[in-house]
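Trainee: Okay, so the sequence shown: first residue is 1 according to the UniProt record's numbering, each after it adds one.
I should point out that these hints are in silico values taken from the structure, not numbers from a laboratory.
A couple of the hints might just be wrong.
Computed spacing ranges between beta-carbons, pair by pair [claimed, not checked]:
1) Ala291 / Lys257: 43 to 51 Å
2) Asn183 / Arg235: 42 to 50 Å
3) Gly184 / Ser100: 20 to 28 Å
4) Gly253 / Gln102: 42 to 50 Å
Quantities reported herein were computed from a predicted structural model and do not represent experimental measurements.
Glycine included, each C-beta is placed from N, C-alpha and C at the ideal position.
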Amino acid sequence: MDAISYQRAADIGAALQAASQPGTMFIGGGTNLLDLMKGGVMRPMKLVDITHIDALNGITALPDGGLRVGALVRNSDCANHAWVRERYPLLSQALLAGASAQLRNMATVGGNLMQRTRCAYFYDTGFPQCNKRTPGSGCAAIDGHNRMHAILGASRQCIATNPSDMSVALAALDAVVRVSGPNGERTIAFAEFHRLPGERPDLDTTLQAGELITSVDLPPPLFAGHSKYLKVRDRASYAFALVSVAAALQMDGTTVKSARIALGGVAHKPWRADATERALVGKPLDRATLATAAALAVQGAQPQRENAFKVALAQRAIVRAVQQAGGVA
Numbered sequence: 001m002d003a004i005s006y007q008r009a010a011d012i013g014a015a016l017q018a019a020s021q022p023g024t025m026f027i028g029g030g031t032n033l034l035d036l037m038k039g040g041v042m043r044p045m046k047l048v049d050i051t052h053i054d055a056l057n058g059i060t061a062l063p064d065g066g067l068r069v070g071a072l073v074r075n076s077d078c079a080n081h082a083w084v085r086e087r088y089p090l091l092s093q094a095l096l097a098g099a100s101a102q103l104r105n106m107a108t109v110g111g112n113l114m115q116r117t118r119c120a121y122f123y124d125t126g127f128p129q130c131n132k133r134t135p136g137s138g139c140a141a142i143d144g145h146n147r148m149h150a151i152l153g154a155s156r157q158c159i160a161t162n163p164s165d166m167s168v169a170l171a172a173l174d175a176v177v178r179v180s181g182p183n184g185e186r187t188i189a190f191a192e193f194h195r196l197p198g199e200r201p202d203l204d205t206t207l208q209a210g211e212l213i214t215s216v217d218l219p220p221p222l223f224a225g226h227s228k229y230l231k232v233r234d235r236a237s238y239a240f241a242l243v244s245v246a247a248a249l250q251m252d253g254t255t256v257k258s259a260r261i262a263l264g265g266v267a268h269k270p271w272r273a274d275a276t277e278r279a280l281v282g283k284p285l286d287r288a289t290l291a292t293a294a295a296l297a298v299q300g301a302q303p304q305r306e307n308a309f310k311v312a313l314a315q316r317a318i319v320r321a322v323q324q325a326g327g328v329a
């Protein structure tokens, strides 16, 4: 690991001032960043420790009935918080599906949003071809092992997937990310926070230089009674999703009043299945409706040599998740 400098910030202002120096990164739980540093994938010159900033911690109620989750709230604390479990069970389920208990006890909400892709070629500096690590070098995954890679929204520059379970639930819940930076505070709709690779796969998010995530805001709860996070993976724990589905419904008897569907494991960002949502609204959760709605989610899919199975798997996972959310399975 390269020599680095370290500074502990006492407040948000001090953290932002320290981050104005080139080559500086914030560190919270460090569960992803330290791995990347040890592997030589990321080489910050300075780390700013934000773990002692009280303003970034805690879960508070918002006037509209929503919740504000501080960026430093640990994944395990968020998943097990009474308000989250009662009002946003989808988020709790997604958090508990991620990583291991030990990692959830260290990982933070803000850090979870900032996870880099788990593409093996990105992590292994022995492979020089990785546009995410070295822009313009190529993408080794396209002609390599790509079973875990994207089927939606990819480009010739990168076919990696976003690894976060939490983010899939937040996409379905229409969360908002609050940030502070050199130009003040701003909010980012969750759908706009993560990027598709396009020509710049090295840019994972729409954060600007020196910006710090301060919290995630959840809108008033609408789906507490009918939600399900379904994660399909190779083993029962400590494994990334082949496909995951966050399904949240409002039901009027047996008819869907409104729907939110997001997918993980299929794209460079949590993939919101808008067409599927529209196809469910006003319909009963019968077999024909579910099959039609699920097929819309993978329209335009471009699978790779080893991951064509994800197209069918995603549809089956959507059907199952929606059935469970709607209470018909």
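Trainee: Quick one: which hint numbers does this structure break? Sort them smallest to largest.
Mentor: Hints 1, 3 not satisfied by this model.
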